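Colleague: For reference, the chains in residue letters:
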Amino acid sequence: MNPLQRYAPLVDDEEAFFEACERPLPSVVRVNTIKTTVERAREALDDEGVAYEQTDWHPGILKLEDSTAGTNWPYFHGWLHGQEEVSALPAIALDPQPGERVWDTCAAPGSKTTQIAAMMNDEGVLVGNDNNLGRLSALRHNAERLGVTNLVVTNQDARNFSMKPFGEQNPEKPGAFDQFDRVLVDAPCSCEGTCRKNPDVLDEWTMNHVQSVAGIQKGILRRAVQVTKPGGSVVYSTCTFAPEENEAVLDFVLEREDCELVEWDVPDAFEASPGVTEWEDDEYDPSVTKARRVYPHQNDTGGFFTAKLEVQG
Amino acid sequence: MRDETAEDENWGQQFDRLPETPEDRVVEGRPSRQEVVDWWEERFGLDPETFDHYTFWEKGAGKIWAFPAEMVDPIQVEGLGMRILRTRQRHWKPSTNAVQRFCRDATKNVIELSPGEAKAFVAGHDQQLDWWEGDWGYLVAAHELAGEREPLGVGLYLHGELRSTVPKGRQEDLKKLD
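First to last, the protein sequences are chains L and R. Heads up: the first sequence runs through residues 18 to 330, numbered per the working numbering. Heads up: the second sequence runs through residues 1076 to 1253, numbered per the working numbering.
In case anyone wonders, no lab produced these hints; they're calculated from the structure. Keep in mind that a hint or two might mislead.
[As the list claims (entries may be wrong)] Here's a subset of chain L near chain R, in silico, CB distances under 7 angstroms, partners left out:
#1 His94
#2 Glu140
#3 Val142
#4 Pro188
#5 Lys190
[Unchecked claim] Mimicking DSS-like on lysine-lysine, the simulated pairs with C-alpha atoms at most 27 angstroms apart in a straight line are:
#6 L:Lys190 - R:Lys1168
#7 L:Lys80 - R:Lys1194
#8 R:Lys1250 - R:Lys1194
#9 R:Lys1183 - R:Lys1194
#10 L:Lys80 - R:Lys1183
#11 R:Lys1168 - R:Lys1243
#12 R:Lys1138 - R:Lys1183
#13 L:Lys246 - L:Lys80
#14 L:Lys246 - L:Lys181
#15 L:Lys181 - L:Lys235
#16 L:Lys181 - R:Lys1138
#17 R:Lys1168 - R:Lys1194
[What the hints assert, rightly or not] Taking beta-carbon pairs under 8 angstroms as the criterion, some of the chain R residues facing chain L (in silico):
#18 Ala1141
#19 Val1152
#20 Glu1153
#21 Leu1155
#22 Gly1156
#23 Val1185
#24 Gly1222
#25 Glu1225
Please read these numbers as outputs of a predicted model, since none were measured by experiment. Glycine included, each C-beta is placed from N, C-alpha and C at the ideal position.
Put together the whole structure using the sequences plus the hints.
Modeller: As structure tokens, this is what we get:
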């Protein structure tokens, strides 16, 4: 069975949803404002005769008509980074500011991490963590190519992430800190939303896998809330439609940690749906409607889920 | 047996902050912050203020990293900012990424390449460029892109030849820009 059938009751236009899931995704790049401006990147692409279209919701995200990202001069200079269009949402929800301390819990290979670095104007402290050493080399390679200097790379299990390396136990030391201003949890998930890029995810889908990643997601999100200062923000995102991995995870953490779901500004001209409060035999905290679901037919992208939490206390 | 907590030795598994000046040096062979800033100014004419907000760190022998904030010292992490320079050898060698990031305003030892030369450079080829009349050693290789000079990476110029040091993972087979 196609696991996407499960979600038919959630979408507004079933036919458009299934049709969109069949179509391949266009090649999309993000302009890296650490090294250039949107204007110069466009000029360089024009000079090379690379055709592109600006997305109508973000000036720095360009759809390439028939090129792959890795074979032109602006790419070599780190002015462009291949990034799926919808995956630009979590950093926008996170809204990181220059000079802040930010933790990206599951950072590799680094598209969102480097987008966060650019939004911070490459100032402050951005901790990019991943539990997989092999994937960390991809993170480092991407960050270096894009000219990011404010990234600290760590290799820990995010579920019990230790603040010790940052001087938690020696607060008098210069540069020591024990909490973050903002944290992104772009969690490992069942990835159904990436089926337009990689249809294999649907063949490999099992309910067991959904349950197992949901457990990991809960652990990472709890730790993220614990190390964020009161008033700080935690963004939770996945590329799946499964409520077991989305709203159920939020519901679980809302009950156990001192935090609240808040609205975030989805860019104008980008269509999204609210989180769901009921699924099969379960009911979730009513505030999960503040989360945003993105279905492929809404903006001709991959599928996505993004929620923003504010830490209390 | 080596004492891995000794403060006067260099340890490969942690980042240690560079001393401010040579007089503050405790670890033998470690460059000071002042020497690093001076080197970029002397070699490429970079304004020392470029690095005002950066702290400098060593991990491994002579691998110097730049980070734009304070951080506890020492710190055991996988990466801290950007690796900018390799010291502890006769000629200090800048990294491709640092040159791309910081050398747009370089005023010295910048070799401007034609479209064909730039293409060969980023593909990793060495080339005879006898017209260069400046210093030998590590140069910033640059070309024109979108109306301005843009640094490509680091070249080693010796005996009329510019050797590309663009790392394998960064080499690209690009078309010539007219």
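Colleague: With reference to the structure, classify each hint as holding or not holding.
Modeller: Verification of the hints:
no., hint, result
1, His94, "holds (6 angstroms)"
2, Glu140, "holds (6 angstroms)"
3, Val142, "holds (5 angstroms)"
4, Pro188, "violated (10 angstroms)"
5, Lys190, "holds (5 angstroms)"
6, L:Lys190 - R:Lys1168, "violated (32 angstroms)"
7, L:Lys80 - R:Lys1194, "holds (25 angstroms)"
8, R:Lys1250 - R:Lys1194, "holds (7 angstroms)"
9, R:Lys1183 - R:Lys1194, "holds (22 angstroms)"
10, L:Lys80 - R:Lys1183, "violated (38 angstroms)"
11, R:Lys1168 - R:Lys1243, "holds (17 angstroms)"
12, R:Lys1138 - R:Lys1183, "holds (23 angstroms)"
13, L:Lys246 - L:Lys80, "violated (37 angstroms)"
14, L:Lys246 - L:Lys181, "holds (16 angstroms)"
15, L:Lys181 - L:Lys235, "holds (22 angstroms)"
16, L:Lys181 - R:Lys1138, "holds (24 angstroms)"
17, R:Lys1168 - R:Lys1194, "holds (22 angstroms)"
18, Ala1141, "holds (6 angstroms)"
19, Val1152, "holds (5 angstroms)"
20, Glu1153, "holds (4 angstroms)"
21, Leu1155, "holds (6 angstroms)"
22, Gly1156, "holds (5 angstroms)"
23, Val1185, "violated (15 angstroms)"
24, Gly1222, "holds (7 angstroms)"
25, Glu1225, "holds (6 angstroms)"
In the structure shown, a violation is registered for the earlier hints numbered 4, 6, 10, 13 and 23, in ascending order.
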